[in-house]
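Okay, here's what each chain looks like letter by letter:
There are 4 protein chains.
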Amino acid sequence: MIARVAVNGYGVIGKRVADAVLLQPDMELMGIADVATDWRIKAVADRLPVYASTEESATAMRAANLQPRGSLDELLAGSDIVIDTTPKHVAAGNLERYRSAGVKVVFQGGESHSTTGHSFVAQANYASALGREMTRVVSCNTTSIVRVLGAFDDSGLLARARGVLIRRATDPWESHLGGIMNTMVPEPTIPSHQGPDAQTILPGLDLVTIAAKGAHTQTHNHFWTLQLTRAASREEVVDALRVAPRIAFIRMSDGLVALNSTLELMRDLGRPRGDMWEVAVWEDLITVQGDEAFLTYQVYNEAIVVPETIDAIRALLRLAPDAHTSMAITDSTLGIRKEFFASNSPL
Amino acid sequence: MIARVAVNGYGVIGKRVADAVLLQPDMELMGIADVATDWRIKAVADRLPVYASTEESATAMRAANLQPRGSLDELLAGSDIVIDTTPKHVAAGNLERYRSAGVKVVFQGGESHSTTGHSFVAQANYASALGREMTRVVSCNTTSIVRVLGAFDDSGLLARARGVLIRRATDPWESHLGGIMNTMVPEPTIPSHQGPDAQTILPGLDLVTIAAKGAHTQTHNHFWTLQLTRAASREEVVDALRVAPRIAFIRMSDGLVALNSTLELMRDLGRPRGDMWEVAVWEDLITVQGDEAFLTYQVYNEAIVVPETIDAIRALLRLAPDAHTSMAITDSTLGIRKEFFASNSPL
Amino acid sequence: MIARVAVNGYGVIGKRVADAVLLQPDMELMGIADVATDWRIKAVADRLPVYASTEESATAMRAANLQPRGSLDELLAGSDIVIDTTPKHVAAGNLERYRSAGVKVVFQGGESHSTTGHSFVAQANYASALGREMTRVVSCNTTSIVRVLGAFDDSGLLARARGVLIRRATDPWESHLGGIMNTMVPEPTIPSHQGPDAQTILPGLDLVTIAAKGAHTQTHNHFWTLQLTRAASREEVVDALRVAPRIAFIRMSDGLVALNSTLELMRDLGRPRGDMWEVAVWEDLITVQGDEAFLTYQVYNEAIVVPETIDAIRALLRLAPDAHTSMAITDSTLGIRKEFFASNSPL
Amino acid sequence: MIARVAVNGYGVIGKRVADAVLLQPDMELMGIADVATDWRIKAVADRLPVYASTEESATAMRAANLQPRGSLDELLAGSDIVIDTTPKHVAAGNLERYRSAGVKVVFQGGESHSTTGHSFVAQANYASALGREMTRVVSCNTTSIVRVLGAFDDSGLLARARGVLIRRATDPWESHLGGIMNTMVPEPTIPSHQGPDAQTILPGLDLVTIAAKGAHTQTHNHFWTLQLTRAASREEVVDALRVAPRIAFIRMSDGLVALNSTLELMRDLGRPRGDMWEVAVWEDLITVQGDEAFLTYQVYNEAIVVPETIDAIRALLRLAPDAHTSMAITDSTLGIRKEFFASNSPL
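Protein chains in written order, with the working numbering: chain A, 1 to 347; chain B, 1 to 347; chain C, 1 to 347; chain D, 1 to 347.
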């Protein structure tokens, strides 16, 4: 079966999902739908089938010299599944429309768990999404937490996790609007919502997160204190991450000393849009003291949920029987790595 | 006795110390010494006695239309104590010169504990500095840690502290040089040095810090997870801070929602240079869960060590017999507060 | 006569105007009115008479532990003049209320010239405002343009001016909202509106401006190419500025090499909030080639219109007969200078 | 002839030139040489032949697990031409080494015109570089100026140009070092050096530039006032740019309203590293008033000189007889455009 995939909402996540779908051997991109009529759509109108999400936007698109192929409903009619990457307050309202069209749905982390009854991170709970009508790929922050803490949880090492998440303030494309300047903005409540959000997938985790926005536009930076179940060696802790999927090591000793260093590396690796789908953990910052571990990693918020979304499509449509099979295809087509270059010299 | 005080190094800290000395009833500012010859000195040459730290700088000052009153040695000869606020790699080298001049010395946190054999935070260890030849006022980050964790320690509540310190990248006056842009820079080791530094004053503290630079120029932002000695109520935790000196509460509910909000408040309060000498703890972010507490505060790195430096002068010269007496004078002359305005409405 | 002054809108400009009114020998601050109930008002509630601009805000203030003295109407009833420093889309709507109260009005540059029929920069047209019912102090950018180009115009040297204005993106107090990050945002039209705005005061000026927002929060930076009426010496051009009021020279050769250097100088000079009321022209960047001059200056947008507003009060109420008399009082009470320090060494 | 090309200095420009050489049908990349041993080299060590620029770096590379193919001299021995993209103070010192190796040389804009006796922008003076031993591709700013002003010059419309150049402060990869924060930094002299630099290629241009650094990391933003030789229509001015090579139009009306919008567009177009080789002129900001024109454009400093460097290789080695032929190959292989998307709606 070649899954027919629609993407509704061509923004930061939607455009990356669309490109990723194009790379999958078992998927076909039927079209993207949006309400925008400016450069964001014009830039791709010659290579992607564009649909109008609303009637008004169809009119506006034609006025802007764009020729939409049809309405969102027409797009849905020819699709098996829709990826809803519309803004936070729009998505849930689309659910009835999707149900009427008889398509399965993948929502994103802006939606609440209760909308779908299921939240998704491939390596953690692919199996429970198999054949479901819909799921929700959790947010960038939560995805990274589930990957990393899940790895420690799997290794039996994790008793408790306390994290500080310094989020990027806004995405580059909209950084002329609504950014923050020369300041930091703490979240107005502690704990922040990412802890409970991760528990929708790993309910047994004992974790608390404190979050704040930093004055930069790309990638989140997480800092963790982990209470281990027992005193462990540094190598045990490092190994727990080494064997986990979609986590890659970076090293201060390789000159990767700041968020911008990693971003330039992604550009140098020739990645589309400079994307990084892996959680980049600073291996040489991993510190173990008795039964505690400390670590720092970087989350490329614009792209990290893209492989999860691809896997979610496979799970809902039963395109692959298990996480391992699906993730292998996704990781191979995108070029996901465990090490960003061969000549890394582990400490 | 009116202590005759010299300030060597008229930079971010030096200029604030000089202004604070001018406000003290038991101190006289004999002069400031520096090597700079530009606006930094010109701006104050008509109101402060300026000395040249080196022979070369004396010549350069005269060439720049400045008329230094004399050399650093001449300044020291007429002083009882010198506050060394020169840059990190300069200060320790001045020690012999100070000894020859027979003056007592207060160094700053850029110097190592071993240079002086004593590190200082007024509320923690004023007594042990009484009459000493010299001490070291610890850095802005460490001062804030000793104030806050010391408060919990005093209350018997603190078992263990794990902190993430997001530091400002550079000071405003030099932010056209050596800043960071649109990134974060984690410290290259975990734990960062602030933990051991705080232990030079509170050796019993069990604390680990992780540090990084954020892309802003004013104030550090600390995030803490505290393991308490027992389950405690939120009110107990809040009270531990409420009774501690040089800690002031701010509140999200008052609209103080970001680092820049507090900075504007300081300007509105008419403070010199917009300085904040207190650690500003977000009261409504203090969260207690069982035997853990979580909190966030803001440290105005340019000014927080100024009151400590004034108290250190008193301790070394025995101008005041105990911390309480000295701090009362300092706090009153500077205008240090526990609440920044009367109409605060505690939660 | 002691003018009874009300300030409606206690924001960036309003709070500075209120403080400046307090310094004037011929004015009394009757109160400030606002709708805010947070730290912005709480910080000054113990030192300024606070009124509620609306009925809703009166209720909200009381709920927030603030005790407003009364309504805006009550404030106006006891005042001779009101300074409207409310936000752009609010101010014009207040006009009827002010008229009913029988008070004179000074609006700010966010309002259109047509609202008042008169725009004001003290040194340019004080006389024409004498006794009027109302006027509009033009914006920070326009005020600086009228001061500088007016100086050249007065000297008979100016034929044509072409300027590029790089504006700060947002003010520090609100830089956690609506800022821009790591980008520049050109104004969507050329010419920008500042040229015509300056012509409301100096109608004969031949000027065109291009504007953009830069990724910084404090002070605008203007770059000008001036076509002179004839070939002139550099000294003639410099002198035209030297004799003009409210323009001060700064110099790269004094180490004042960037916007942040000047800002730190203002803090070092002990100015309230670090304000700079003067246009700071880089003297050593003034370049003359034949019949063209090039120059760069810095405009402290938060404060530059404060002295103009004070003078506008005097003009409307005929407190001073001419610009010279009014400006002398204003400049003396605020501490406005032509040189920021004595030891400047002109090139 | 397939030109054998060496790249010495694998930094911002070097890595882009190397990738561009790989795309040329008439060139072969023999290798890249550098002294770095960190991620910058490790990231490409498996796909590019790496050489060590110095003996020390050869040792260091081996210690870092990199296996350099040989020395710079060995690389040069097998090459026809070297592109020197080493840092500013290193490049000129390499000249003798290149001469000894008998290779031709392309320097970059950090070097002075006098080093090579020839400066290069393809569309302006390709012919004069034919067969020369060496040339210098001018800097990013100067390249953009020559393209744009050259276009007006060719059209006979340009009498005089006065420009304000707001430069990015530092490149993203090194933005954790040496950046500027929340400020602007004017160049310490007017005129800035870009005017005379452009005159090394277009000696007849009457232009003056004023430059400053802005607080952003990507792309320069130029603002121009052009004195035309006569009153002209807006269409004539627009047409002069429309027919010129390597200038592309962007439009506010397409939502491209800030520097970051264009950068995101480049990412969406799938360009390597998000590069933009064209000067992006805001078409709908082009304004003509009588005999004056005003315009604004954006210069992607990391990439704009890459096509010029490729053309310079062809000129020195006589791979193509004229600019038109060479530029056609370069533009086609890189994907240089006049419009970034088809559905542009000209005003």
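Simulated from the structure, these hints should not be mistaken for laboratory data.
Don't take each hint at face value.
Given that identical chains are not distinguished, each listed pair holds provided it fits within a single copy or across any two copies.
[Said to hold, decoys possible] Keeping only pairs whose Cα atoms sit at most 25 Å apart, straight-line, the calculated SDA-like set for lysine to any residue is:
1) Lys88 - Asn65
2) Lys338 - Val44
3) Lys88 - Gly255
4) Lys338 - Pro49
5) Lys88 - Leu177
6) Lys338 - Arg47
7) Lys338 - Thr189
8) Lys338 - Ala101
9) Lys338 - Ala45
10) Lys88 - Ala232
11) Lys338 - Glu133
Please read these numbers as outputs of a predicted model, since none were measured by experiment.
Hints and how they fare:
1. Taking the closest pair of Cα atoms, lysine 88 and asparagine 65 never come within 25 Å of each other, the shortest separation being 28 Å inside a single copy and 36 Å across copies.
2. Taking the closest pair of Cα atoms, lysine 338 and valine 44 come within 25 Å of each other only across two copies (16 Å); inside a single copy the shortest separation is 31 Å, beyond that limit.
3. Taking the shortest Cα distances, lysine 88 and glycine 255 sit within 25 Å of each other only across copies (22 Å), while inside one copy they are farther apart (37 Å).
4. In the homo-oligomer, the alpha carbons of lysine 338 and proline 49 lie at most 25 Å apart only across protomers (24 Å), although the nearest pairing inside one protomer, at 34 Å, exceeds that limit.
5. For the identical chains of this complex, lysine 88 and leucine 177 are neighbours both inside a copy (17 Å) and across copies (19 Å), given an alpha-carbon limit of 25 Å.
6. Only between protomers do lysine 338 and arginine 47 lie at most 25 Å apart by alpha-carbon distance; the minimum there is 18 Å, versus 32 Å within a single protomer.
7. Taking the shortest alpha-carbon separations for lysine 338 and threonine 189, only the inter-copy value of 23 Å comes in at or below 25 Å, while the best intra-copy value is 35 Å.
8. In this assembly of identical chains, lysine 338 and alanine 101 lie within 25 Å of each other by CA distance neither inside one copy nor across copies; the values are 40 Å within and 42 Å between.
9. Taking identical chains as interchangeable, the C-alpha atoms of lysine 338 and alanine 45 lie at most 25 Å apart only when they sit on different chains, with a minimum of 17 Å there against 35 Å within one chain.
10. For the identical chains of this complex, lysine 88 and alanine 232 are neighbours neither inside a copy (42 Å) nor across copies (38 Å), given an alpha-carbon limit of 25 Å.
11. In this assembly of identical chains, lysine 338 and glutamate 133 lie within 25 Å of each other by CA distance neither inside one copy nor across copies; the values are 32 Å within and 46 Å between.
Of the numbered hints given earlier, the model fails hints 1, 8, 10 and 11; all others are met.
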